Amino acid sequence: MGKGPFSFRRSNSRRRPKKAAQSTPLLSPQTPLPIDVSSPPINNNGSSLVGGGGGGGGGGAVGKVKKKAGGAKLWMRLDRWGQSELLEWDKSAIIRRAAIPARDLRILGPVFSHSSNILAREKAMVVNLEFIKAIVTAEEVLLFDPLRQEVIPFVDQLRKLLATKSSSQGHGDGAVDERENDVNVSSGGKWLPVSEAAEAAEGVQYELPFEFQVLENALEVVCMYLDSSVEDLEKDAYPVLDELARNVSTKNLERVRSLKSNLTRILARVQKVRDEIEHLLDDNEDMAQLYLTRKWMQNQQSDALLGGLASNSTTAIVPHLRRLSSTRSGSMVTSNLLDDNDVEDLEMLLEAYFMQLDGTRNRILSVREYIDDTEDYVNIQLDNQRNELIQFQLTLTIASFAIAIETLIAGLFGMNIHCTLYDREGIFEYFVGGTSVGCLLIFVLIFGYAKWKKLLGS
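Mapping of the sequence shown onto full-length UniProt numbering: residues 1 to 458, in sequence order.
Simulated from the structure, these hints should not be mistaken for lab results. Be aware that one or more of the hints could be misleading.
What the hints assert, rightly or not - For lysine-lysine, the following BS3-like pairs were computed, each having C-alpha atoms within a straight-line distance of at most 27 Å:
{"#": "1", "residue 1": "K260", "residue 2": "K235"}
{"#": "2", "residue 1": "K235", "residue 2": "K295"}
{"#": "3", "residue 1": "K160", "residue 2": "K73"}
{"#": "4", "residue 1": "K123", "residue 2": "K160"}
{"#": "5", "residue 1": "K165", "residue 2": "K123"}
{"#": "6", "residue 1": "K251", "residue 2": "K235"}
{"#": "7", "residue 1": "K91", "residue 2": "K295"}
{"#": "8", "residue 1": "K235", "residue 2": "K160"}
{"#": "9", "residue 1": "K123", "residue 2": "K91"}
{"#": "10", "residue 1": "K295", "residue 2": "K165"}
{"#": "11", "residue 1": "K260", "residue 2": "K272"}
{"#": "12", "residue 1": "K123", "residue 2": "K272"}
{"#": "13", "residue 1": "K123", "residue 2": "K295"}
{"#": "14", "residue 1": "K73", "residue 2": "K91"}
Said to hold, decoys possible - Derived CB-CB ranges, DEER-like:
{"#": "15", "residue 1": "H114", "residue 2": "L455", "range": "52 to 60 Å"}
{"#": "16", "residue 1": "N362", "residue 2": "F401", "range": "51 to 59 Å"}
{"#": "17", "residue 1": "Q300", "residue 2": "E369", "range": "50 to 58 Å"}
{"#": "18", "residue 1": "M415", "residue 2": "Y377", "range": "42 to 50 Å"}
{"#": "19", "residue 1": "E278", "residue 2": "G457", "range": "21 to 29 Å"}
{"#": "20", "residue 1": "R386", "residue 2": "D282", "range": "45 to 53 Å"}
Keep in mind that this is a model prediction, so the values were computed, not measured. Glycine included, every Cβ here is placed at the ideal spot set by N, Cα and C.
Based on the provided sequences and hints, a complete structural model is requested.
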C-alpha cells in the first residue's frame, strides 16, 4: 500500500514527456523550409517547391512525409513580418494551434468550396472567400492550399506588403522608441490618461491590425478576380447577343444558353461574398469580435495586472501603437485599442469592398438585363414571323376556297346526267370562263374583307 502511490506518480512522470514528444511532430512534421511561391509547382508531389527552399533532398523528404501522414494537408504559415513557411499539418494540429472548433475546418474543405464565410473566434478568424481559405490570428496567418494558381497572387502580395511595412517600421523604431520612453517616464510606469497619451503619441503613424491587413488583401484579391471574371463575361456576352439579334440560329441560341449559365454562376459567387460582408456590417458585435489584436492586447494587459506587472504590460503594449493603426493621432489610437465597441476601422474597410462588390453585381445585372432585352427582341422577331406565316396561310386558305368552288361546279357538270346545256353549241368556253371569273371574284372579295378587318396586316 505504501509503494503504490509512489510508483503511480513515477509512471505518470515518465509518460508525460512521451506525450509531449508525440505531439510535437503534429505541429511540424518536418523542418519547415521557406519557399518562393511566385512560381507554381512542377508536379503534384511538391518536388519543385521543396527544391526552391532547400535542394532536391528536401523533395524526397516531403514525399515521405505525405505518405506517412495520411490526413496531413499542405498549409503555409505567414507571420506579421512577411516570413513564410510551408508545412504539412493535420486537423488536430491546426485546431490546437489556432484554438478553433473542428467544424470550422470543414468550412475550409471542398464541400464548402463555393461558399463565403468570415467567422470570428476567440483567438482566430476563419476566412473562406472563394479560393482563399485561411485561419488568421493576431500574430500569423495559416493559408490552406497555398500552391493553387489563384492563391499565389494573394500570397505574393501579402508577403510584399508585410515585408515592406516591417522594413519601414524598422527605420522608424528610433523615433518611436523615444516617444514611448517619454510616455513611460512621465507616467511613472502607469497607464496615461487618453489626453496625455494623445499628446505623447502624437505623430505616430497608425495602421490596420495584422488580421485586418490579411482580410483587406484577401478581399482585394477576390474582388479583383471577380471583377476580371465579369470583364471576360462582358467581352463574350455583347458580341454573342448582337449576333443572335441579327441571326436567330441554333448555334447562337446554344452560345447564349452557355453564357447565361456562366452569368448565373458568377452572380451567385459575387452575391455570396457581398452578403457575407453585409451580414458583418449589420452586426457590430460580430465586427468587434474580429479585432483579434485588441483582444490579445487586452488579455496581455489583464494578465499583467493580475500578476502585479502593470508597468511591464504598459511597456509591452505601447510599441504596438505604431503597428496597429492607420494615419491617425495618438488619441484615436488609444481609444480604438481600449474601446471594445469601436469598429470604425473595420466598418470602413468592409464598406469599401461592399461598394466594389455591389458595383460588380450591378454590372452582372446589366448584362443579364441586356440578355433579357435581346431575348424579348428575338421573341418579337419570332412572333412577327409567326404572324406572317399565319397571314400567308390565310391567303392560301382563301385561294383554296375559291378554287374549291370552281372544282365543285366542274364536278357537278361532270356527272353522267343529261342537261339541256349539253345541247347548245359553243357554250363550253363561256361557261368555263364565267366560272373562273366568278371564283376569282369570290377570292378578291374575301381577301379584301380580310384586309379591311386587318387580318392580313396593313
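Status of the hints after comparison with the structure:
no.	hint	result
1	K260 <-> K235	holds, 14 Å
2	K235 <-> K295	violated, 47 Å
3	K160 <-> K73	holds, 25 Å
4	K123 <-> K160	holds, 25 Å
5	K165 <-> K123	holds, 23 Å
6	K251 <-> K235	holds, 18 Å
7	K91 <-> K295	holds, 25 Å
8	K235 <-> K160	violated, 32 Å
9	K123 <-> K91	holds, 17 Å
10	K295 <-> K165	holds, 22 Å
11	K260 <-> K272	holds, 18 Å
12	K123 <-> K272	holds, 25 Å
13	K123 <-> K295	holds, 8 Å
14	K73 <-> K91	holds, 8 Å
15	H114 <-> L455: 52 to 60 Å	holds, 54 Å
16	N362 <-> F401: 51 to 59 Å	holds, 58 Å
17	Q300 <-> E369: 50 to 58 Å	holds, 54 Å
18	M415 <-> Y377: 42 to 50 Å	violated, 58 Å
19	E278 <-> G457: 21 to 29 Å	violated, 53 Å
20	R386 <-> D282: 45 to 53 Å	holds, 50 Å
Hint check: violations occur at hints 2, 8, 18, 19; the rest are consistent with the structure.
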